[in-house]
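J.: Starting from the structure of chain A, add chain B where the hints point.
Sequences listed follow chains A and B, in order. Just so you know, the UniProt record's numbering puts 9 at position 9 of the first sequence, and the rest follows in order with no gaps. Just so you know, the UniProt record's numbering puts 201 at position 201 of the second sequence, and the rest follows in order with no gaps.
Derived from the structure by calculation, the hints contain no laboratory data. Idealized CB from N, CA, C, for every residue including glycine. Treat each hint with caution, since some may be false.
[To be verified] Just a few of them, taken from the derived set where beta-carbon distance is under 10 Å, the chain A residues facing chain B:
1. P42
2. L178
3. P254
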Amino acid sequence: MKKTSSILLEKLVPWCLPVVLILGWQAGASLGWISSRVLPAPLDVGSAFVRLSASGELLDHLKISCGRAFAGFAVGALVGLLLGFWTGTSRLMEQLLDTSVQMVRNVPHLALTPLVILWFGIGEEAKLFLIALGVMFPVYLNTFHGIRSVDRQLIEMGRAYGLSRWQLFREVILPGALPSILVGVRFALGVMWLTLIVAETIAASSGIGYMAMNAREFFQTDVVVLAILLYAILGKLADVAAKGLERRWLRWNPNFQRAGA
Amino acid sequence: MQSNETEYGIVSRVDRDTHGVAIAARGLRKSYGPQAVLRGLDLDIAAGEFVAIVGRSGCGKSTLLRHVAGLEQADSGTLQVGGEARRQLHANTRVMFQEARLLPWKSVLDNVGLGLPGDWRPVAQAALAQVGLAERASDWPAILSGGQRQRVALARALVHSPRLLLLDEPLGALDALTRIEMQGLIEGLWREQGFTALLVTHDVAEAVALADRVVLIENGAITLDLRIPLPRPRARGEGDRAALAAFEGQVLQRVLARDGEASA
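This is chain A alone, in the form it adopts within the complex (with noise of 0.2 Å):
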């Protein structure tokens, strides 16, 4: 019984600090030391969910922001992955590709959404090459040096008991790479949602983003931070489900193990 109680305890107290301060910060609301033009209360915050969310008009920014975050994603980690699986496993193309893409890797990808605006004008495929752009380069970067660290002994080993070239890849290389891989597509997780919040305030119809600009131009200030809290647990929920996929495909490393499991 006692120990129930202090597993509980210690359950607890990570959110105490949390609790404390949303606390503090709607007595303080309530109580006029903190003017709503700055900050909302967070009851209003929390009204405003529910408000925007009986509308559908919540859902549908929501929807329209995942849905590009994630095409975005698709289309960057794929042509990411595919390059680093090329470079990786061909001196010729390494030798060819690589230092192109590192070069190009330097220049910040939000420097160029004036240039991808005159190109695209504000449309979804503006937003698209942003985001597919910011997570090709964590995606490509981590597959190559994935390949290139898979343990030399293990591909020797893997010749001389008769893998074709695909077994090879397909058996050793790949799940070799893996672990470096998934630390890429943790990493451009991050550069998505990033690139979607700066995409979405400069030019967008449509989406979280816009709706926080939105309601900046009426003072609406409890919306601009439930969209602030949107994005953040948006980026928390694609990390842990990140996390998710790396206890499942990198099971057989003590290191994704869970205690006990």
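T.: What follows is chain B alone, placed relative to chain A:
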């Protein structure tokens, strides 16, 4: 059948069923840059024979094994395995490396079945049972001990029914007790399956305990070729141990005498 052999004393190679292959090397030379590793090496190994190659580190014994495996190409000379020139990797040959080299992302059973076509699971499971690890089939390699990993590697090599098994110091990193256990296992499976075995080791006692012939390589050439005509299985009784020790002494004396010449 097998158990009779020991009663006759010396094992007769002729009446043993063998599916091993013969090896013939003539004037094998290999250099890495200015460093000559093999200097005109000649070696004949009969089908089904167990030959151990000993020598100091860097004498060229592992290089020779890698040539026989088809992992390396000689600069000159000929190398025939089973009557065919050995230029590349061949399906009738399997290598056990110094490290187990198991794929950490595959279960023990999947490791044993690596590269096997068709319905391979029962075959791999049988090979695992042969090395006494049947109940570890679904474990990850990471949780096995060093000795167990090498046993899985042995099963992985034997599941292909190789006609030639190359052993590149596979027991070098194991503790003394596990080593003796593994030696017994390798000897038993070799007697059962009749493949040709080529063992590279720096441990003279191990070479004498396992091999029909112990070959000493010094500076890239063979300087001693000693037959060990002892009954199998070996190293169990008192008398065996004394005889093994005598052969071991003979090889060691040769190695050390060479040192004396060099320093004189």
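J.: All the hints need checking, so say for each whether the structure fits it.
T.: We went through each hint and held it up to the structure:
1. Taken as an interface hint, A:P42 does not check out: its beta carbon lies about 46 Å from the nearest beta carbon of chain B, beyond 10 Å.
2. Because the smallest distance between the Cβ of A:L178 and any Cβ of chain B comes to about 8 Å, under 10 Å, the interface hint for this residue holds.
3. Annotation: A:P254 was flagged as interfacial toward chain B, and the flag holds, the nearest CB pair being 5 Å apart, inside 10 Å.
Hint compliance for this structure: hint 1 alone is broken.
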